[in-house]
Amino acid sequence: MLESKEVTKVFGRKTAVDHISLKLDPGHIYAMLGPNGSGKTTWMKMAAGLIKPTSGEIWYNGHPLEINSRREIAYMSTEPYFYNWMRVSDVGKYYQDFFSDFSMDRYKELLDRMELTGDLKTRSLSSGMMAKLKIAVTMARDARVIMLDEPLNGIDLLARDQIMTSIVETVSSDRVLLISSHLVEELETVADYAVFIRQGHLADFRELEELRMTEGISVADKYRQIYGAGGEYHE
Amino acid sequence: MNKLIKYEFRKSLFPKLVILAATAVVEIVYLVGVFGEYENPTFAGILGLVFAAVAGLTYIGIESIVTLYRDLTTKQSYMLFMTPNSSYKILGAKALENGLSILLAGLFFGGLAYFDLDLLEKERSTFALIKEQLENMLQSIDSRLSFSTATFLILLFMLLCSLIGRIVIGYLAVVLTCTVLSGKKGAAFISLLVYIAISILIGFLMDKIPAMDSINSSLLIQSCIYLGISIVFYVITGWLMDKKLSV
Chain A
4 MLESKEVTKV
14 FGRKTAVDHI
24 SLKLDPGHIY
34 AMLGPNGSGK
44 TTWMKMAAGL
54 IKPTSGEIWY
64 NGHPLEINSR
74 REIAYMSTEP
84 YFYNWMRVSD
94 VGKYYQDFFS
104 DFSMDRYKEL
114 LDRMELTGDL
124 KTRSLSSGMM
134 AKLKIAVTMA
144 RDARVIMLDE
154 PLNGIDLLAR
164 DQIMTSIVET
174 VSSDRVLLIS
184 SHLVEELETV
194 ADYAVFIRQG
204 HLADFRELEE
214 LRMTEGISVA
224 DKYRQIYGAG
234 GEYHE
Chain B
8 MNKLIKYEFR
18 KSLFPKLVIL
28 AATAVVEIVY
38 LVGVFGEYEN
48 PTFAGILGLV
58 FAAVAGLTYI
68 GIESIVTLYR
78 DLTTKQSYML
88 FMTPNSSYKI
98 LGAKALENGL
108 SILLAGLFFG
118 GLAYFDLDLL
128 EKERSTFALI
138 KEQLENMLQS
148 IDSRLSFSTA
158 TFLILLFMLL
168 CSLIGRIVIG
178 YLAVVLTCTV
188 LSGKKGAAFI
198 SLLVYIAISI
208 LIGFLMDKIP
218 AMDSINSSLL
228 IQSCIYLGIS
238 IVFYVITGWL
248 MDKKLSV
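As given, the protein sequences belong to chains A and B, one line each in that order.
Residues in the first sequence are numbered from 4 upward in steps of one, following our numbering.
Residues in the second sequence are numbered from 8 upward in steps of one, following our numbering.
Some hints here could point you the wrong way.
[Unchecked claim] In silico contact screen, one side only, chain A against chain B (beta carbon under 7 Å); selected entries:
| no. | residue |
| --- | --- |
| 1 | GLY15 |
| 2 | LYS17 |
| 3 | LEU53 |
| 4 | GLU60 |
| 5 | TRP62 |
| 6 | GLU69 |
| 7 | ILE70 |
| 8 | ASN71 |
| 9 | ARG74 |
| 10 | SER80 |
| 11 | TYR86 |
| 12 | MET89 |
| 13 | LYS96 |
| 14 | PHE101 |
[As the list claims (entries may be wrong)] EDC-like, lysine to aspartate or glutamate: derived pairs with alpha carbons at most 20 Å apart:
| no. | chain 1 | residue 1 | chain 2 | residue 2 |
| --- | --- | --- | --- | --- |
| 15 | B | LYS10 | A | ASP100 |
| 16 | B | LYS13 | A | GLU82 |
| 17 | A | LYS8 | A | ASP28 |
| 18 | B | LYS82 | A | GLU82 |
| 19 | B | LYS251 | A | GLU60 |
| 20 | A | LYS26 | A | ASP159 |
If you're looking for bench data, these hints aren't it; they were derived computationally from the structure.
Since this is a predicted model, take the numbers as computed values, not measurements.
We put the CB at the ideal spot given by N, CA and C, even for glycine.
Work the whole structure out from these sequences, hints included.
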């Protein structure tokens with residue numbers, strides 16, 4: 004469904020993503036793991052069509068990514084990106100105006116669950132409330148590919164449970180769910196596959212069940228193996 | 008496209024309301040002068056309205072370029088570029104919204120000027136003097152200009168086309184900064200130089216257009232050239248965004 008073919012992105016002298024090839028199939032939840040600056044966000048932004056690769060291509064449903072792919076690919080950035088003048092209700096209206104797969108009912112349901120109201124101004128939201136709003140508006144889309152970049156950042160433990168429930172609810176056999184996070188243990192409970200990114204390279208791509216069966220280790224253990232005991236990359 | 012235009016309008020609503028409020032204040036000063044038969048407030052009102060019209064129209068154009076810059080350099084860019092709209096459509100919506108806003112603002116200021124001058128004619132005998140001064144002012148720009156409604160309207164149309172052309176070149180400068188010059192030292196300065204160079208070149212080409220007997224025909228030809236320039240630079244800018252832009 005979503006395929007990265009030797010994708011590279013160079014910013015000035017820094018290679019953020021270096022020849023990454025991987026294929027994401029529908030019906031699975033993928034955890035994209037790696038420390039800060041490893042290239043996860045850059046790859047996701049390329050898959051969302053926000054950043055152009057320096058070389059290589061990303062294909063969606065057998066074709067190179069194009070404008071119309073955005074109709075079926077939902078991306079949630081880790082940074083806030085709504086217009087300053089917007090209220091929570093305006094964000095929903097905006098998505099409804101541009102995405103035919105957006106459900107206002109589902110959005111309202113998710114807002115209720117996240118304890119957000121439509122009259123709140125987005126510029127006055129706390130980081131936790133903003134994170135919930137981004138999740139609500141993204142998950143209210145019935146997109147074929149959903150990519151969530153650090154969805155649990157700035158969110159307390161109880162709210163994390165609500166968010167993980169909302170995420171798991173959207174799993175279906177025709178959808179790809181890709182989640183990046185530093186919170187490896189949180190993702191271990193929901194993900195089927197782990198994509199390890201290290202310094203722009205694909206360090207490993209493993210099915211979690213197979214990892215447990217063949218190596219007898221958890222994702223967190225594998226993470227430590229790849230990036231070092233402290234979770235940081237070591238040469 | 009309509010939805011993109013709607014949100015472009017919403018983004019620039021606040022500055023437009025400020026211009027409207029400032030215009031309302033000077034209009035009140037003018038009306039107090041006319042009805043109270045005070046000379047100073049009348050002339051202060053006229054000057055204020057002329058300034059509000061010129062500054063307002065110019066600001067609406069500049070605001071559009073600033074909004075594009077903000078839309079390309081902040082995280083708000085995701086709001087535009089996550090949607091299934093091509094760069095040409097996004098840029099086209101910006102240009103159309105801005106052109107429409109300038110046109111509506113022009114009609115608003117033109118209508119207000121007509122109303123105020125009509126009022127002055129009825130209330131005061133000084134109108135003939137003001138009309139004569141307007142005539143002199145127009146003829147100082149071009150000896151073929153006279154205070155005829157048709158010429159006045161065509162002149163406004165030409166100015167609108169010229170402003171749209173300059174705004175589209177401004178879009179190109181912004182997009183150059185964010186694409187081929189992105190991350191390079193002095194990118195904004197180089198883009199400004201490109202903007203100035205293109206503007207000078209267009210001015211040079213416009214001067215080469217042979218003068219015609221009819222001022223209306225000359226103005227219409229200039230309008231068409233400005234529109235053509237706008238289309239050419241719109242296509243170049245859209246292509247750059249489509250091929251090179253990362254937000």
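Hints, one by one, checked against the model:
1. GLY15: holds, 5 Å
2. LYS17: With Cβ-Cβ at 10 Å, over 7 Å, it is violated.
3. LEU53: holds, 5 Å
4. GLU60: violated, 14 Å
5. TRP62: Because about 17 Å separates TRP62(A) from the closest Cβ in chain B, which is outside the 7 Å limit, the hint is violated.
6. GLU69: violated, 9 Å
7. ILE70: Where the cut-off is 7 Å and the nearest Cβ of chain B is about 5 Å from ILE70(A), the hint holds.
8. ASN71: holds, 6 Å
9. ARG74: Hint on ARG74(A): holds, closest Cβ of chain B at ~5 Å, below 7 Å.
10. SER80: holds, 6 Å
11. TYR86: holds, 6 Å
12. MET89: Given a least distance of 9 Å, the restraint on MET89(A) is violated.
13. LYS96: Because about 10 Å separates LYS96(A) from the closest Cβ in chain B, which is outside the 7 Å limit, the hint is violated.
14. PHE101: holds, 4 Å
15. LYS10(B) - ASP100(A): holds, 7 Å
16. LYS13(B) - GLU82(A): Not OK: LYS13(B) and GLU82(A) at ~25 Å, beyond 20 Å, violated.
17. LYS8(A) - ASP28(A): holds, 14 Å
18. LYS82(B) - GLU82(A): holds, 7 Å
19. LYS251(B) - GLU60(A): holds, 15 Å
20. LYS26(A) - ASP159(A): Violated, because 32 Å separates the two Cα atoms, which is more than 20 Å.
In the structure shown, a violation is registered for the earlier hints numbered 2, 4, 5, 6, 12, 13, 16 and 20, in ascending order.
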